[in-house]
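Use these hints to put chain B onto chain A, whose structure you have.
2 protein chains.
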Amino acid sequence: MSEKNDTFKLIDPEQLSVELIEAQYALKDSRGKENAKSLVILVSGIELAGKGEAVKQLREWVDPRYLHVKADPAYLFTANRTFWQPYARDIPAEGEMLVMFSNWYSDLLATALNESEPMDDTSFDAYIKDMQEFEQDLKNNHVDVIKVWFDLSWKSLQKRLDKMDPSEQCWHKLHGLDWRNKKQYDAVQKLRKRFTDDWYLVDCESEEARDQQFAQYILKHLKELPVHPTQSILEWQQAEVPEQLLNPSNEKTDKDVYKEEMKKLTAKVAEALRFDGRQVVLAFEGMDAAGKGGSIKRIVKKLDPREYGIFPISAPEKFELARPYLWRFWTKLNEETISIFDRSWYGRVLVERIEGFASEVEWQRAYEEINRFEKNLNNSKTVVIKFWLAISKDEQEARFKSREELPYKQYKITPDDWRNREHWDDYLDAAADMLQRTSTSYAPWHVISTNDKYTARLEVLRSILKQLEAD
Amino acid sequence: MSEKNDTFKLIDPEQLSVELIEAQYALKDSRGKENAKSLVILVSGIELAGKGEAVKQLREWVDPRYLHVKADPAYLFTANRTFWQPYARDIPAEGEMLVMFSNWYSDLLATALNESEPMDDTSFDAYIKDMQEFEQDLKNNHVDVIKVWFDLSWKSLQKRLDKMDPSEQCWHKLHGLDWRNKKQYDAVQKLRKRFTDDWYLVDCESEEARDQQFAQYILKHLKELPVHPTQSILEWQQAEVPEQLLNPSNEKTDKDVYKEEMKKLTAKVAEALRFDGRQVVLAFEGMDAAGKGGSIKRIVKKLDPREYGIFPISAPEKFELARPYLWRFWTKLNEETISIFDRSWYGRVLVERIEGFASEVEWQRAYEEINRFEKNLNNSKTVVIKFWLAISKDEQEARFKSREELPYKQYKITPDDWRNREHWDDYLDAAADMLQRTSTSYAPWHVISTNDKYTARLEVLRSILKQLEAD
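These protein sequence lines map, in sequence, to chains A and B.
UniProt numbering applies: residue 1 is where the first sequence begins, and numbers increase by one.
UniProt numbering applies: residue 1 is where the second sequence begins, and numbers increase by one.
Source of the hints: derived by calculation from the structure; they are not laboratory data.
Any given hint could be a false lead.
A pair counts as met if it fits within one copy or between any two copies, since identical chains are not told apart.
Claimed, not checked - Here are the simulated EDC-like pairs of lysine to aspartate or glutamate, each with C-alpha atoms no more than 20 Å apart in a straight line:
#	residue 1	residue 2
1	Lys409	Glu60
2	Lys263	Glu60
3	Lys220	Asp12
4	Lys409	Glu14
5	Lys332	Asp144
6	Lys259	Glu14
7	Lys139	Asp29
All values derive from a computational prediction rather than experimental measurement.
If we strip away everything but chain A, and leave its shape as in the complex, we get:
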C-alpha cells in the first residue's frame, strides 16, 4: 500500500526549515559513527506536477550545500548494463543526502514507453523485483532509500500545459513524451501503479501543500531513520571444508608439455575473450602465494593491453568505507570489457569476516547480496568467472621462503603474509562457506589446486574456455 499522509497539515515554513536543518546536520554528524546513514530520495512523477519546484523549495529550507541533486537524461535499458550502473558512482557517502530526478524507475518507465520496443509486463515486473531487492541491499548497507511520486490528474495537467510559459520549456523538457495524449497519460499511470505501492504519493494540485507534504515526509523519515540490524544468525551452519581445500592435488605437469599447452591455451583464451559478445568479469581468490598474479599474467598474455583492466583489491579507503561494501566494485565495472579482479567482493566473507571488519550480521547477509549482484551482472550479458586457488600450507611456506630469498620478489612478502597463516583454518572455513553459498548456476566457482604452478595455470585457462562455451 502506498503511503498517504491523511493527517497532513501545513506548518510554519520557518519552523519546518529549522527542523529540516537540524535533521540534516544530525545526519551529516553521523559520519563515521555507529549508526551512520546516507539518504537517497528518488523522485518521479507526472510532468508539470512540480517535482522540480518541490525539490527547489526543499533545497531552500535545508542547507543546500549538503543536499546533492542528480538529474541526467533517461538511460534506456540496454542488454549489457544493469539498471544501477549509471547511478552507482553517485550513491552518497555516509552523512550525505541525494535527490535523484533520474533514477532506475524513470529509466524503466522511459524504456517501457519507448514505442519501438515495448516491454511486456513480466519483464517489467522482473525489473521492479530486482530494483526493490537492490534498494533493500542499499538499506541494509546504511543507504536509506525513499521514493516519492508526484501525481497530477489529467485535467490539471492539461490546464498547466495551457498556461505554460514557452520560455520555461528549456528546463521543463517534457522528456520526450506527449502529455497532450490521454492514452499516453493513462499508460504512464497504469505502469507506475505496478511499482508505486511502497512510494509516498504527493498530490500536486496545490503547490504549497505539495512542497510541504514532500518536505514533511523527508523530515519525518530523517527523524525515524531505521536502526542498523544487529541480529546475526544464532546457529551458523558452517559448511564442511572440501577435500580439495584440505589436500590440494600435487599432480605435476611436465615443463615441455606445459610450454606447448600454454602456447595454445593463451591464444585460445585471448580469442575467446576478445570475440565473446559479452562482458567478462574474472575474480581470483585464494591464500597468499597461491598464484593469483601468475594466473592473471597468463590470461592476458595474448591480449592487447587496451582490451582489459586488472583491479588489485586491497583494504578499502575511507571514502569507500563510507558506502556499501559493493560500491567500489559497482563503480569499477563500468570501465572495461574484460575486468580481472585480484581479490574481489568476496573479501567481505573472507578477510572481513575473519578479521572482524564486518560484523556477523553483515557477513552473514553478504552471501545473498553477492548472489544478487552477480545475478544482475549475469542478466546484463556479463560472464562472471570465479576462481579459488587452493594451495597447501606447506607449499605456501616454501613459496614465502623462496620469495624472501629472491631480491626482486622480496616486495611480494610482508610480515602480514606470515601473520595471515595463523588464521589458515579460519580461511578454510570461510572459503568453504563461500563456495557452498555462492556457487550458482550463473556464477559458478572453479576450485583449482595450485601446488603445481604449471598444472594450475593450465587449469585456469581451461576453466575459462569451458565457462565461456557453456554459458
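Relative to chain A, chain B alone:
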C-alpha cells in the same frame, strides 16, 4: 632536443624483467612516503609502428596488476572543455603507473587533422605550450610524465599495411586516418615534430629493438625519478593587507530595501547564469561565519535544483592527497554547468599554508599553478568568479556566539572555529598574498565586506552580474 638512445643495446629479457619489477615495486612502495611518485607514460606514434605491442611486452615484463592502461577514442577538442578534462580522473595516485594510449597530444593531432576544421599553427603551438605547462605542474606535484613517440618510415608502414591480417583490424583500428595517403603521413610527421622535442623517439623498424628500447627507457626513468624540489623562496615578498580586509565596511542596508532588491537580483542572476552560453564556476573564500553559505543560498534561490552543483570543500581524503592538490577540483568540474565551491583550490595558499599541510615551496608555487588552471578554464568558455568575504574579527565573534545560542545553528560552530581565530592575522596575510598574486584579467577577485549580511549578499549578486556581462 628529442632523446635518442644511441648507446642502446639489447639485454637479457629476464634480467630486464627482474629490474623492471624491482623498480615498479619500489615506486609502489613509495606511497605515503617523503618522495612518493606516480608515473604517466604518454605513448603516441605512427599507426602500425607497434606501440600496442611494445606496451603488451612491457606489461609482460612488469607486474601487470600495477601497470594501468588508458585507451579511449580521440576526444576532438571542443570550445568548452580543457584538454586535460577527459583524463583528469585517471591521473594515477602515488605509487601507480599509467600508460595513456589516448592522451592530450593524440587528441590534438586528431583535432588538427580533422579536415572539416583545420587548425592553424599558432593555435596548435598554443595548445602545446599549455600542455607542457600542465605536465610541468603534474611533475611538480609528484606525477612524473614521460612521452614516447613510436616512429616508422613511410616505406615500412606501407609494407606492414600490405602484410596486415584483416582479422586483426578489430583492435588495430587505424583511428580514422588513411595511412595509404603519403600526404597525410607527411602531415602527421610535420605536426608531431612541433611537439616531440622533449619526447623519447623509438625507432620501430625492428620489433625486438622497439620493445626493449621502450622498456629500457622506462626502467632508466624509474631508476632516476627526480627528487621533489624543496628550495623555497628565501625572501618572500609579503603583500600588504588591503584596508578592506583590515576594516571591512559596516555600511548597512535597510531591510525593506534589501527584500525588494533581493527579489529582483535573484531573478536576474538566475536568468544570467541560465542563459549564459558558458560554464560558470563560483568560488567562495573567507573567514568562518563570513557568510559563504548565506550568499550561496541566494545565488541558487531562483535556479532549478538540476541546473547547478554545490561543492563544500573540506580537508582532502587520503586518495585525494595521493594526487596533485588540484586533482579533486579537476574531477569535479566535469559535472555541472554551474559549479559553486564553498571553499576551493585556494585552500592550498590559505589553510594549507598556515597549518603547514603544504610545504613552503608547494604553496609558493601554487599561485602560478592556480593561475594556469583558471586560464585553462577561461580558454574553455568557463567564467571563473571568485569571492573573498571580508568580515571583522568582532563581527565574527558575535556570529559565533549567536550560533552557539541557536539550537539549529549549533552544528555550524565547532572548537576548530574558535581555534582558527588565533591565526586571524596569518589568514589576513595569506589572503593578501592570494589577492595580489591571483587577481587576473581572466579570473578577478571580488572582495566583499560582510559585516552587514544584507549589503554583502546584494553585493555578491551584483558582482556576478557585472562579471558575466563584462567577460
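Review point. What are the numbers of the hints that this structure violates, sorted from low to high?
Key: 5
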